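Protein sequence lines, in the order shown, are assigned to chains A and B. So that you can map any letter, position 503 of the first sequence is 503 in full-length UniProt numbering, and since no number is skipped, the others follow by simple counting. So that you can map any letter, position 290 of the second sequence is 290 in full-length UniProt numbering, and since no number is skipped, the others follow by simple counting.
Please keep in mind that the hints were generated in silico from the structure rather than gathered at the bench. Being a predicted model, the structure only gives us computed values, none of them experimental. Even glycine gets a Cβ: it sits at the ideal position worked out from N, Cα and C. Some hints could be false.
Computed spacing ranges between beta-carbons, pair by pair [what the hints assert, rightly or not]: (1) B:E426 x A:K435: 50 to 58 Å; (2) A:D483 x B:K178: 49 to 57 Å; (3) A:N133 x B:P38: 47 to 55 Å; (4) B:Q263 x A:N133: 24 to 32 Å; (5) B:N75 x A:V12: 50 to 58 Å.
Listed below are the simulated EDC-like cross-link pairs for lysine to aspartate or glutamate, each with C-alpha atoms no more than 16 Å apart in a straight line [what the hints assert, rightly or not]: (6) A:K26 x B:E426; (7) B:K13 x A:E171; (8) B:K379 x B:D435; (9) A:K465 x B:E426; (10) B:K385 x A:D27; (11) B:K40 x A:D234; (12) B:K13 x A:D380; (13) A:K104 x A:E171; (14) B:K379 x A:D234; (15) A:K479 x B:E172; (16) B:K423 x A:D27; (17) B:K423 x A:D213.
Under 7 Å between C-beta atoms, here's a sample of chain B residues computed to sit facing chain A [as the list claims (entries may be wrong)]: (18) A26; (19) S29; (20) F30; (21) F36; (22) K40; (23) L41; (24) E92; (25) A163; (26) I258; (27) M382; (28) V428; (29) P429; (30) N433.
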Amino acid sequence: MLQDWFSKNIGVITPEIIKSWFVYDKDAPLLFNTGLFLGLFLVFYFWYILLRKANTLRMVYVILFSLFFYYKSSGIYFLLLLGSAVVDYNLGNLVHRTSSIINKRLCLTFSIILNLGFLGYFKYSNFIVDITNNLTGGKMAFFDVILPVGISFYTFQSISYIIEIYRKEIEPTKRFVDYLFFVSFFPQLVAGPIVRAKDFLPQIYQKLNVTQDDINRAFLLIIGGLIKKTIISDYISINFVDRVFDLPNAYTPFENLMASYGYTIQIYCDFSGYSDMAIGVALLLGFKLPTNFLTPYKSASITEFWRRWHISLSTWLKDFLYISVGGNRHGTFAGFLFPGLFFVGLIIWGISFSATSNIPLIIAVSSAILFALTFLLSKDRERTMYTNVNLMTTMLLGGLWHGASLRFIIWGALHGLALAVHKIFLEHYPPVKRKITFFTPFLKTFSIVVTFHFVAFCWIFFRAKDFPTALQVIENIGKVTFDFNQWLIIAQGYKNVFILMFLGYFWHYIPQKVIVAIQNVFISMPLITKAIVLGLIFWLVFATASAGPQPFIYFQF
Amino acid sequence: MNSKFLKKVNQNKPYFFQAWAIVCIAILSFIGFKSFLPKKLFPESSNNKNVVVDSLMLDAVAEGGNLSEEDTLSNKTIKFVSNPLGIQFSDEKFEQYKGYQYLIPFFEKLYQLETNKKGKARIAYFGDSMTDGDMIVQDVRTQFQSIFGGEGVGFVNITSESAGSRGSILHEYSQNWKAQSYLKTKSPLRSFGVNGSVFFAKDTANTTWVKYKAGRNRFSTTLNNPTVFYGSSKNKKACIRQIIGKDTIYKKLSPNSILNATQVAGDVKNVKVNFINADSIPFYGFNFDNGKGIHVDNFSSRGNSGLPLSTFNVDLMNAFQQKLGYDLIILQFGTNVLNYGSLNYTWYERKMTSVVNHLKECFPGAAILIISTADKSTKYDMQMKSDSAVVPLTLAQKRYAVKAESGFVNLYTLMGGDGSMVKWVENVPVRANKDYTHFNHRGAKEIAQLIYKQIDTGYQEYKRLRAIATKKAKPKKVVKDSSLPVKNDTINE
């Protein structure tokens, strides 16, 4: 009887299935939105609570779980995580103990080169091979490497630890266990937020506690994250966005446009949803991670966008890259190198096309001129030049951080250029001079719409698998004509997708007050009701995930 | 102590066990919800009248979806009858059936092309959305042309829903064409052309035009001898206008026979043709070939199940056969009948057998090659797996290939069999799209290679058998080339 019920509702459990729970499978990483994580977490959390007062033991326990968590996603590379933690911990101590500035710098440089070297080897070696092959026409063999999950994130965390020690913002951790706990902490290990040593380490030495408020917030984040990531993002990507970006020309201009809007909400829901789950899970364990997204598409300018989008990355880049190459004070060789290379490369690319079309060259030259104008038009030319060049470096490398491809560099460059243009605009039309008038709300809405569309445009480069595909999507969107009938037919065909997309945007743009009101309803519920709501969300995730991809649709107009 | 303070104290109390209880109860209530709430939030079927599906298939499903027939073919060995020259491919088990014997007329054409550089060969490649935008077919064409010569993309429609996604030729047209396709129209104004469509210039006030520009594919970088194909009409005033440089050239159309062809230019990079006073003339399309080697025409239509081919008018098709001379007809269908709701494909097998027989009447002398459906995945219990309809459908396709004496390519096994589509979609490099049905360019290229490889294996075997047969026949000095089973030697220039 019980066995029947068990096999019907949970499934038959065989030794192979149990084995699959604990063995690395590259196709099934341990994501927060999987049933396996839920089951493992339930057991893990129970013992975690019992161990809450045994500090060291609890930390070792979490580290072991984290390493297992990482092994489930990256296999043997958990040793890399472990190894680099040993090296970084000792280098951190060395930087702290060394008194001579030169030796300190040396240790720091060595550590950064080492960390970036690993990241570079795993993430960029084949990209460099590819570029070299293209430039020289050679046939250098590609490296047989896979990208260990989360290496981009934990490398940045390790670097922040050492730089902060060097800058005397923090003391090194007292024990290796503490450091390993910081680097391997599983909630943020594979997809951020990028936690800064100075924010996290103090929490290790505090008494562990979670309040009712923390738990409410944690579950709200987890519920929101699950809906964003699993229901909205995953569904619209597999059933609509991916298809259009696979073969844009097989779709109507309107479908191309909607796919681009679809990707804009998809990437936000995917990324922020996963971040929210990470923050929520950490909160359940009693650790507070920084907020990573603040409804970024509500931004009225590109500068504001970067204060609301992937905040942990943008602040990291600002503190450690932008400041390091000179910030808004002075120029450095490194600061000029990348924008220089970029614009030279862009112009060479333009020239290489000049036989067939002049448009690439025009684009290349005019973007270089536009960038130059952003500081030539300034009152303080030199200083603005340093600022903008360093900003450009930050955005170019920030773009490259997202993935090893020219597309990400273009994406970064577009954002860098926009930030510089916005700066010079602000200099000439400072906000204080603008009076609040009847038109102010309209102007604000207009700015939000423009910013949103610029960001959505840039995402096309981010998403498309290569440059020609991105251009095809843009070209197709250019052909959109108003044809309500056709739009309606498409909307009916992709009913579920469009409903979810609408839901995503609606949720994004409703006033914060409404969100807070809804959250208060949840908070005021008794414990059991909260649990049932959470169970209902689990069911929603399950029922969305079990829907197969919608059949391919070709429309007849 | 006031209550506010109490609340504050309460709030700071550890809340770990409550959190754990919430997770626990949530899991239990999830299991409860799962047992009575629906399993899927979004059902997969979307009944939308605006989605392309061919109407003949819907009718066929409605009338004969439940037919059943005893399976007499599986486990059987298929024996081939030797051809007049004495060439006989060895027997095949139904399991591994390929039916090379039935491709002999085509193989002989290839042989003549390869050894004597003589004659020419032509393939009509019918398909559904899998070959949309010249996917797969363009790669098959390049493969053939690189070995046997020939230039040009072959026959191209006047208007096409997939013009935008086609890279092998750039194709634009005015919006005032009226198009009828065998997919949707049961009784067209005039018979469908070989491409399953017929087009009319419906507007006499504005010019009706069509524009082609050569793409960048190998052997298709020029538009070779663009020639417009059209049917008969009482309208004798019609002409076409082209602007070449500063000259405007008019050419009269002569819609006198059942099928007429007018060449509009020599080898050019692009061509724009305006149709003047061309109402009521049925237009079919443009042909681009250099008159040598091998040519492959892509006749793909989204949503096609294959059944619409039964509506071809025999007289008109005979006329097409006269002018274009098809040696091989390839039929690649199946995707659109995978999801009709049952695993019984007897109705499809019957209908397609008669389609193939009809095609033999339409294109006398041409060999027929059936390509099965590719693998397609569906989600079963949270996992993407091969759709349960794929294997039954490939079996039905193989059965009608045997019955109608056609060659057969099992694309499902060629691409890897069970679970292969999941791999094509999820493994790097990605070779198929996220709908788990259609290939991307990389995948299409690989599919084309697999198909070509199987045809070529048959061809190599044919050459070997031919050599043996000729050696045997030589002493008697009876067999001449002319006695070879090439029925279709009256290729019209």
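Here's how the hints hold up against the structure:
Checked against the hint of 50 to 58 Å, the pair E426 of chain B and K435 of chain A passes, with Cβ atoms roughly 57 Å apart. At about 19 Å, the beta-carbon gap between D483 of chain A and K178 of chain B misses the expected band of 49 to 57 Å. The hinted range of 47 to 55 Å is satisfied by N133 of chain A and P38 of chain B, whose Cβ atoms lie roughly 52 Å apart. Between Q263 of chain B and N133 of chain A the CB atoms are about 45 Å apart, so this pair departs from the stated range of 24 to 32 Å.
Checked against the given bound of 50 to 58 Å, the beta carbons of N75 of chain B and V12 of chain A, roughly 34 Å apart, lie outside it. With a C-alpha separation of about 12 Å, the suggested pairing of K26 of chain A with E426 of chain B holds against the 16 Å cut-off. The suggested pairing of K13 of chain B with E171 of chain A is violated, with an alpha-carbon distance near 31 Å, which exceeds 16 Å. For the hint pairing K379 of chain B with D435 of chain B, the CA-to-CA distance comes to about 11 Å; that is within 16 Å, so the pair holds.
A threshold of 16 Å between alpha carbons decides the hint, and for K465 of chain A with E426 of chain B the separation of about 15 Å falls inside it, so the pair holds. The suggested pairing of K385 of chain B with D27 of chain A holds, with an alpha-carbon distance near 14 Å, which does not exceed 16 Å. Of the supplied pair hints, the one linking K40 of chain B and D234 of chain A holds, its CA atoms being roughly 15 Å apart against a limit of 16 Å. For a cut-off of 16 Å, the pair hint linking K13 of chain B to D380 of chain A is broken: about 56 Å separates their Cα positions.
Taking the CA atoms of K104 of chain A and E171 of chain A, the gap is near 14 Å; set against the 16 Å cutoff, the hint holds. Straight-line distance between C-alpha atoms of K379 of chain B and D234 of chain A comes to about 15 Å, which keeps the hinted pair within the 16 Å bound. About 14 Å separates the Cα atoms of K479 of chain A and E172 of chain B, which keeps this hinted pair within 16 Å; it holds. Distance hint between K423 of chain B and D27 of chain A is fulfilled; the C-alpha atoms sit about 11 Å from each other, no more than 16 Å.
In summary, the hint linking K423 of chain B to D213 of chain A is not supported, as the alpha carbons are separated by about 46 Å, beyond the 16 Å threshold. At its closest, the beta carbon of A26 of chain B sits 4 Å from a beta carbon of chain A; the interface hint therefore holds under the 7 Å criterion. About 3 Å separates the beta-carbon of S29 of chain B from the nearest beta-carbon of chain A, less than 7 Å, and the hint is met. For F30 of chain B, the interface hint holds, the least distance from its beta-carbon to any beta-carbon of chain A being 4 Å, beneath 7 Å.
Annotation: interface hint on F36 of chain B violated; nearest CB of chain A at approximately 10 Å, more than 7 Å. Against a cut-off of 7 Å between C-beta atoms, the interface hint on K40 of chain B holds, since the closest Cβ of chain A lies about 5 Å away. This hint holds: L41 of chain B has a C-beta 4 Å from the nearest C-beta of chain A, less than the 7 Å allowed. Annotation: E92 of chain B was flagged as interfacial toward chain A, and the flag is violated, the nearest CB pair being 34 Å apart, outside 7 Å.
The interface hint given for A163 of chain B is violated, since its Cβ lies 9 Å from the closest Cβ of chain A, which is over the 7 Å cut-off. Of the supplied interface hints, the one on I258 of chain B is violated, with its beta-carbon coming no nearer than about 30 Å to a beta-carbon of chain A, more than 7 Å. Because the smallest distance between the Cβ of M382 of chain B and any Cβ of chain A comes to about 5 Å, under 7 Å, the interface hint for this residue holds. Taking 7 Å as the C-beta cut-off, the interface hint given for V428 of chain B is violated, the closest approach to chain A being about 10 Å.
Given hint, P429 of chain B at the interface with chain A, is violated; its Cβ is 10 Å from that chain's nearest Cβ, farther than 7 Å. Checking N433 of chain B against chain A: minimum C-beta separation of about 4 Å stays under 7 Å; hint holds.
Checked against the numbered hints above, the structure violates hints 2, 4, 5, 7, 12, 17, 21, 24, 25, 26, 28, 29; every other hint is satisfied.
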